[in-house]
Amino acid sequence: MYFCGENKITDLKTNFKQIKEKVIETILMLSSATTSITVVLIVFFLFIEGVGVFNKKPIEEGFLLAVHPSNTIKKLEPAQIKDIFDKKITNWSALGGKNEPIVPFRTEDITEFYSEEELGENFEHFPEKIDEYVSKTPGVIAFFSEKYKSNNFHGRELDINKITVREFLSGEEWFPTAHPVAQMGVKPLILGTLWVSFGAILIALPIGLAAAIYLSEIARKRTRNFLKPLIELLAGIPSVVYGFFGLVVIVPLVQDVFNLPVGETGLAGSIVLAIMALPTIITISEDAMNNTPRAMKEASLALGASHWQTIYKVVIPYSASGITAGAILGIGRAIGETMAVLMVTGNAAVIPHTLLAPVRTIPATIAAELGEAASGGMHYKALFALGCILFIITFCINMLVEVVTHRNSHKKH
Amino acid sequence: MKKENRLAKVKRRNQSIAFGLFQLISYSIVALLFIILAFIVIKGFSVISWEFITEMPKEGMTQGGIYPAIIGTLCLVLGSMLFAFPVGVLAAIYMNEYVKDGWGKKIIKQMTNNLAGVPSIVFGLFGMALFVNKLEFGDSLLAGSLTLGLLVLPVVIRTTEESLKAVDDTFRHASLALGASKWQTTSRVVLPIAFPNILTGLILSIGRVSGETAPILFTVAAYFLPKLPTSIFDQAMALPYHLYVISTSGTNIEASRAMAYGTALILIIIVLVSNLLANALRKYFGKKVKMN
Chain A
1 MYFCGENKIT
11 DLKTNFKQIK
21 EKVIETILML
31 SSATTSITVV
41 LIVFFLFIEG
51 VGVFNKKPIE
61 EGFLLAVHPS
71 NTIKKLEPAQ
81 IKDIFDKKIT
91 NWSALGGKNE
101 PIVPFRTEDI
111 TEFYSEEELG
121 ENFEHFPEKI
131 DEYVSKTPGV
141 IAFFSEKYKS
151 NNFHGRELDI
161 NKITVREFLS
171 GEEWFPTAHP
181 VAQMGVKPLI
191 LGTLWVSFGA
201 ILIALPIGLA
211 AAIYLSEIAR
221 KRTRNFLKPL
231 IELLAGIPSV
241 VYGFFGLVVI
251 VPLVQDVFNL
261 PVGETGLAGS
271 IVLAIMALPT
281 IITISEDAMN
291 NTPRAMKEAS
301 LALGASHWQT
311 IYKVVIPYSA
321 SGITAGAILG
331 IGRAIGETMA
341 VLMVTGNAAV
351 IPHTLLAPVR
361 TIPATIAAEL
371 GEAASGGMHY
381 KALFALGCIL
391 FIITFCINML
401 VEVVTHRNSH
411 KKH
Chain B
1 MKKENRLAKV
11 KRRNQSIAFG
21 LFQLISYSIV
31 ALLFIILAFI
41 VIKGFSVISW
51 EFITEMPKEG
61 MTQGGIYPAI
71 IGTLCLVLGS
81 MLFAFPVGVL
91 AAIYMNEYVK
101 DGWGKKIIKQ
111 MTNNLAGVPS
121 IVFGLFGMAL
131 FVNKLEFGDS
141 LLAGSLTLGL
151 LVLPVVIRTT
161 EESLKAVDDT
171 FRHASLALGA
181 SKWQTTSRVV
191 LPIAFPNILT
201 GLILSIGRVS
211 GETAPILFTV
221 AAYFLPKLPT
231 SIFDQAMALP
241 YHLYVISTSG
251 TNIEASRAMA
261 YGTALILIII
271 VLVSNLLANA
281 LRKYFGKKVK
291 MN
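These protein sequences, in sequence, are chains A and B.
Reminder that position 377 of the first sequence reads as 377 in the numbering used here, one-by-one numbering, no gaps.
Reminder that position 272 of the second sequence reads as 272 in the numbering used here, one-by-one numbering, no gaps.
Quick caveat, the hints were computed from the structure, so don't treat them as lab data.
Ideal Cβ placement from N, Cα and C applies to all residues, glycine included.
A few of these clues could be false.
[What the hints assert, rightly or not] To list a few chain B residues with every Cβ distance to chain A over 12 Å, as calculated:
{"id": "1", "residue": "Phe45"}
{"id": "2", "residue": "Leu78"}
{"id": "3", "residue": "Ile108"}
{"id": "4", "residue": "Leu151"}
{"id": "5", "residue": "Ala174"}
[Said to hold, decoys possible] One-sided and incomplete, this derived list gives chain A residues near chain B with beta-carbon spacing under 10 Å:
{"id": "6", "residue": "Lys20"}
{"id": "7", "residue": "Val51"}
{"id": "8", "residue": "Asp86"}
{"id": "9", "residue": "Ile89"}
{"id": "10", "residue": "Tyr114"}
{"id": "11", "residue": "Leu202"}
{"id": "12", "residue": "Leu205"}
{"id": "13", "residue": "Ile213"}
{"id": "14", "residue": "Ile231"}
{"id": "15", "residue": "Glu337"}
{"id": "16", "residue": "Leu370"}
{"id": "17", "residue": "Phe384"}
{"id": "18", "residue": "Val403"}
{"id": "19", "residue": "Val404"}
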């Protein structure tokens with residue numbers, strides 16, 4: 001009897017222990033799922049908001065565009081509307097309509113045609129006057145708020161095309177706050193990002209490679225142990241400090257050396273990014289070089305090759321994939337870098353033709369504009385779409401690194 | 001024979017030129033580090049005073065101190081670590097001690113790598129969409145801390161995993177052989193041995209968090225807020241954002257340059273101290289563990 005009870009207690013104890021173990025394991029599992037969940041959530045939120053760009057008309061909420069009822073044009077592209085209001089297109093015939101000069105009209109222009117008394121003290125006659133003006137001007141294209149649209153409006157509302165993915169990617173103008181229609185072409189931003197990043201890699205790769213070779217193959221162990229932590233320390237300096245250093249040192253330097261009107265250029269961005277990418281490139285390529293089997297190096301030396309010949313005929317080819325991985329990761333860092341680039345590149349959203357002019361990158365655009373974009377608006381969504389593009393680019397880069405290093409590890413076995 | 005001699009000479013000359021060049025480049029990189037550090041230390045040293053770190057900004061941020069920014073950054077570091085440290089360590093324990101090699105582990109690993117590769121500005125976008133707008137935390141310390149916490153989570157996981165891997169398997173086997181359960185083995189044997197290295201990782205991620213700007217731009221950072229946060233739902237100033245503001249878009253950029261140097265110096269000091277501390281800890285405990 002007594003014996004049996006003790007058995008029960010031990011049973012209970014082991015049961016309790018087992019349950020405790022299970023609970024702990026579940027907690028651990030949930031914790032390790034956090035990163036996966038976060039990645040999924042990031043994708044979800046980025047794309048939910050970003051896709052919104054393509055579901056909305058790029059005209060300001062509550063506003064409309066109207067033409068004279070006799071006008072044959074039914075639909076216009078955002079870029080065409082911008083050109084009209086910039087007076088670059090001046091005749092409807094250029095858009096396939098009648099041969100008639102275009103008369104752009106904005107709400108505030110009404111005061112040129114009607115006196116204050118006619119419009120009323122509180123603008124209460126605005127709707128009828130706008131209607132009157134639109135119906136008597138055959139070439140008009142009017143941009144005004146929906147609250148000024150009279151009940152028996154005679155003009156015809158223009159349909160504005162939604163932005164397509166292709167237009168978004170290939171559009172050459174980025175004026176998300178433009179009136180009357182926002183211009184959402186991200187080509188200059190994508191090109192700006194790529195230019196600055198590749199410029200950075202062009203600078204950083206040879207330097208980084210040389211340093212990696214020195215650290216891994218040439219330097220004595222003591223020198224290496226002294227230099228490596230210092231180089232890694234470069235990676236620890238916050239990007240905003242790099243941006244500040246670039247702003248007060250590199251920007252004036254670039255301006256002086258190349259005799260430019262402004263020093264805030266793509267080149268300044270590339271230099272700062274190159275400094276920031278160096279530790280990544282050096283650490284990863286050095287690791288790869290260190291993995292070269294000793295026997296291979298010794299075989300090369302035994303055949304009479306010099307130390308230098310051994311390095312570039314044996315060590316570098318052997319660690320090529322590691323070096324590639326380092327370079328790709330360096331590009332990835334450069335593409336995603338925000339603050340330093342924002343502070344030194346001048347942020348002009350034009351298609352870059354030279355690194356000696358201001359450029360604007362995707363991360364810098366998001367950082368500079370999100371604060372001003374109304375939550376849920378077209379601009380806000382466009383910035384999330386930019387975030388999607390950035391995410392996709394960096395995701396692909398990570399995958400590429402994975403593939404490259406994976407191939408390397410296969411080679412070794 | 002003569003020809004061979006000449007060849008050997010050329011070979012040796014090429015080699016010494018190349019080696020000399022590589023050495024020069026390596027030392028130049030280190031020199032660059034010292035130039036950046038020296039530049040900011042020299043320019044910023046005269047600015048730093050007791051008032052600078054204990055007073056509110058004044059006169060459109062051209063005078064006074066950066067007290068609220070320091071406090072804000074401390075709060076953010078604390079908040080993000082309160083989230084990232086436990087979650088990261090538990091996740092690493094699961095990955096290293098519990099889960100067996102297989103596709104599940106591969107997926108978790110890959111996702112952690114992917115998260116580490118996400119640009120910081122995308123974390124900012126995400127934090128704004130989820131914490132600020134969806135969960136309606138508003139621009140707050142809570143939203144900023146969680147965003148930063150997610151950002152450093154992969155770092156914490158990776159360093160913890162490495163520390164756990166460094167623990168010799170014989171410890172685990174011995175403990176399990178004595179009848180200890182998996183969790184008992186992990187919590188009483190493995191973790192204490194790995195603890196110093198985990199701590200090192202924690203300190204390094206503190207350095208990382210305190211310098212990040214992009215993720216806090218839209219989740220917590222205030223342009224100018226001359227008071228301290230009183231709850232986790234308050235906005236706060238932060239050192240890196242403050243540096244960005246006063247060096248690019250302050251009311252008077254020239255006049256606030258001195259303040260910018262001072263702020264940059266404080267940031268650098270935080271990063272340097274956390275790096276040195278981490279290294280010292282690693283060395284100190286490294287010896288101790290070996291002696292045991």
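Agreement of hint isoleucine 89/A with chain B interface, Cβ distance less than 10 Å: violated, 36 Å
Restraint: valine 404/A near chain B, CB-CB cut 10 Å. Satisfied or not? Check failed: Cβ of valine 404/A comes no nearer than 13 Å to chain B, outside 10 Å.
Under 10 Å is the threshold here; is the Cβ of valine 403/A close enough to any Cβ of chain B for the hint to stand? With a closest approach of 12 Å, the valine 403/A hint is violated.
Taking the least C-beta to C-beta distance, is glutamate 337/A closer than 10 Å to chain B? holds, 7 Å
Supplied contact hint for valine 51/A, tested at 10 Å Cβ to chain B: Since the shortest Cβ distance to chain B is 13 Å, the answer is violated.
Does the closest beta carbon of chain B sit nearer than 10 Å to the beta carbon of lysine 20/A? holds, 7 Å
A closest beta-carbon separation below 10 Å is what the hint needs, so does aspartate 86/A meet it against chain B? violated, 28 Å
Verify the interface restraint on leucine 370/A: the C-beta must sit less than 10 Å from at least one C-beta of chain B. For leucine 370/A, the interface hint holds, since the closest Cβ of chain B sits about 5 Å away, which is under 10 Å.
Double-check tyrosine 114/A for me: the hint is only fine if its C-beta lies closer than 10 Å to a C-beta in chain B. Violated. Min distance 41 Å.
Does the closest beta carbon of chain B sit nearer than 10 Å to the beta carbon of leucine 202/A? Leucine 202/A check fails; min Cβ-Cβ to chain B is 15 Å, beyond 10 Å.
Any Cβ of chain A at or closer than 12 Å to leucine 78/B, or is the non-interface label fine? holds, 18 Å
Is the hint on isoleucine 231/A kept, meaning its closest Cβ partner in chain B is under 10 Å away? holds, 6 Å
When held up to the earlier numbered hints, the structure conflicts with 3, 4, 7, 8, 9, 10, 11, 12, 18, 19 and fits the remainder.
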